[in-house]
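Just need the whole structure built from these sequences, with the hints factored in.
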Amino acid sequence: MPPVTSNAQGKGTPRGCTAEAARGLARQARTREREPRGAPGSRAAMCELYSKPDTLALRRKHIGPSCKVFFAADPIKIVRAQRQYMFDETGEQYLDCINNVAHVGHCHPDVVKAALEQMELLNTNSRFLHDNIVEYARRLAATLPEKLSVCYFTNSGSEANDLALRLARQFRGHQDVITLDHAYHGHLSSLIEISPYKFRKGKDVKKAFVHVAPTPDTYRGKYREDHADPASAYAEEVKEIIEEAHNSGRKIAAFIAESMQSCGGQIIPPAGYFQKVAEYVHRAGGVFIADEVQVGFGRVGKHFWSFQMHGEDFVPDIVTMGKPMGNGHPMACVVTTKEIAEAFSSSGMEYFNTYGGNPVSSAVGLAVLNIIENEDLQGNATRVGDYLTELLNKQKAKHTLIGDIRGIGLFIGIDLVKDRQKRTPATDEAQHVIYKMKEKRVLLSADGPHRNVLKIKPPMCFTEEDAKFMVDKLDEILTVLEEAIGVQSESMISENSPCRAKFEIRLSRPGQNRS
Numbered sequence: 001m002p003p004v005t006s007n008a009q010g011k012g013t014p015r016g017c018t019a020e021a022a023r024g025l026a027r028q029a030r031t032r033e034r035e036p037r038g039a040p041g042s043r044a045a046m047c048e049l050y051s052k053p054d055t056l057a058l059r060r061k062h063i064g065p066s067c068k069v070f071f072a073a074d075p076i077k078i079v080r081a082q083r084q085y086m087f088d089e090t091g092e093q094y095l096d097c098i099n100n101v102a103h104v105g106h107c108h109p110d111v112v113k114a115a116l117e118q119m120e121l122l123n124t125n126s127r128f129l130h131d132n133i134v135e136y137a138r139r140l141a142a143t144l145p146e147k148l149s150v151c152y153f154t155n156s157g158s159e160a161n162d163l164a165l166r167l168a169r170q171f172r173g174h175q176d177v178i179t180l181d182h183a184y185h186g187h188l189s190s191l192i193e194i195s196p197y198k199f200r201k202g203k204d205v206k207k208a209f210v211h212v213a214p215t216p217d218t219y220r221g222k223y224r225e226d227h228a229d230p231a232s233a234y235a236e237e238v239k240e241i242i243e244e245a246h247n248s249g250r251k252i253a254a255f256i257a258e259s260m261q262s263c264g265g266q267i268i269p270p271a272g273y274f275q276k277v278a279e280y281v282h283r284a285g286g287v288f289i290a291d292e293v294q295v296g297f298g299r300v301g302k303h304f305w306s307f308q309m310h311g312e313d314f315v316p317d318i319v320t321m322g323k324p325m326g327n328g329h330p331m332a333c334v335v336t337t338k339e340i341a342e343a344f345s346s347s348g349m350e351y352f353n354t355y356g357g358n359p360v361s362s363a364v365g366l367a368v369l370n371i372i373e374n375e376d377l378q379g380n381a382t383r384v385g386d387y388l389t390e391l392l393n394k395q396k397a398k399h400t401l402i403g404d405i406r407g408i409g410l411f412i413g414i415d416l417v418k419d420r421q422k423r424t425p426a427t428d429e430a431q432h433v434i435y436k437m438k439e440k441r442v443l444l445s446a447d448g449p450h451r452n453v454l455k456i457k458p459p460m461c462f463t464e465e466d467a468k469f470m471v472d473k474l475d476e477i478l479t480v481l482e483e484a485i486g487v488q489s490e491s492m493i494s495e496n497s498p499c500r501a502k503f504e505i506r507l508s509r510p511g512q513n514r515s
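FYI, UniProt numbering numbers position 315 of the sequence shown as 315, with every residue one higher than the one before it.
Don't take every hint at face value.
List of simulated lysine to aspartate or glutamate pairs, EDC-like, C-alpha gap at most 20 Å [as the list claims (entries may be wrong)]: (1) LYS440 / ASP428; (2) LYS473 / ASP386; (3) LYS302 / GLU373; (4) LYS438 / GLU193; (5) LYS438 / ASP386; (6) LYS394 / GLU342.
To be clear, the hints were calculated from the coordinates, so they are not data collected in a lab.
And the structure:
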């Protein structure tokens, strides 16, 4: 399906542009005329090769059907991005509230420059000696507790978590793994096996070496905020799993958990939980793996790593990292102790990763670390995150659809419910909200076991103005939605005021027309 060309596209239009793209470029040009130098839309747009319908047709033909896109019923075709903004083929600007890959901002010039300059100089496999990898390893280790000092570089968080399991199993010769319910740790077979978020939805059956502990969710979980000590109660569940495994002749190699559970619904474990779990796991001869792939590199604001918010007395044995590490460049890492690294080496099997820690990846990683420090993105995550949480809690007081606001820094979840007392997940309503937000040019997604938690994890350059814009649009949508379904906000209903008769609406779903 060749790209559409036309002599009528107008002077200055790149060859190969579709007529639709040409119109989009014209709109972008008009927009740029009104923008100050350096504004998000000021960079010249790359012309699309195909019209949106042709892109969708080619995707259906050549891309696997299990590879999904956001907003599948009406996907956005993104042609460029800058900072916390993304632009479609028509020049429309979207506020990106969910892209934790573009950690320091889409297409940050310092990251682009580092990659280009190093690519022009040297890029090769990781068996050659070069300075970039050791300098990056030194800088990375400096952000972690002292005992975490040995790095293994990979290309994705999935690779990193797979390698972490190998390290854990080699350390004591144990095989079993404890994971949290609703957890997701990657797309490799070894990780699908320990990811209930995936294997509970498919045809796979939980393997005998996998043990699933309850998610330490104090809002909707087994032990809630009204429990006297939810951290100890959830940790006791892990202790019982270990005891049952031992009674069956099995040995625990590792406990693995995201420092804050992302796909599971933006869950923040209660204080003291990880310390108690680590104690039980170590006593059983296992190691603690902290998965920081989605939540590391300063996202929580006050700490560089999310596990650090649990206190200085908690240090994992293995830490994995990925997504934000290269700001969109594929790179990841496993960091562990010298003792575990030496045990892995003692197996006699060399570990080799062709591209892990290559000169270009290391240069990109160094640039990301520099930007986080030079632009005070941790401080920004704290300031903007606190402001956003404050705004959202005001919305919670106004809208009964909001059951819970939870998070820290720029990692926040909005738990939508049909009934606050029963905490019934508002799944359809959440889907309605994210599509309506897209119409208002704000990108959000919904996740969690019930797909009712709105996820907020934007690029770290997200501003207070962005936060207010996002919340204002959310307020508009929730107001209309609650009126339509006959839900009145608690702040609007006095004890003596009669409730308006309820009526139902058919919420917009993929494939249906949305009002």
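For each hint, the structure was consulted:
Between LYS440 and ASP428, the direct Cα distance comes to roughly 19 Å. Compliance with the 20 Å bound is thereby established for this hinted pair. Between the alpha carbons of LYS473 and ASP386 the distance comes to roughly 19 Å, so the proposed pair stays at or under 20 Å and holds. Between LYS302 and GLU373, the direct Cα distance comes to roughly 13 Å. Compliance with the 20 Å bound is thereby established for this hinted pair. Distance restraint check for LYS438 and GLU193: the Cα-Cα separation of roughly 34 Å exceeds the 20 Å cut-off, and the hinted pair is therefore not satisfied.
Taken as a hint, the LYS438 and ASP386 pair is broken in the structure, with Cα atoms around 24 Å apart against an allowance of 20 Å. A distance of roughly 52 Å separates the Cα atoms of LYS394 and GLU342; the hinted pair therefore is violated under the 20 Å criterion.
Comparing the model with each numbered hint stated earlier shows that hints 4, 5, 6 do not hold.
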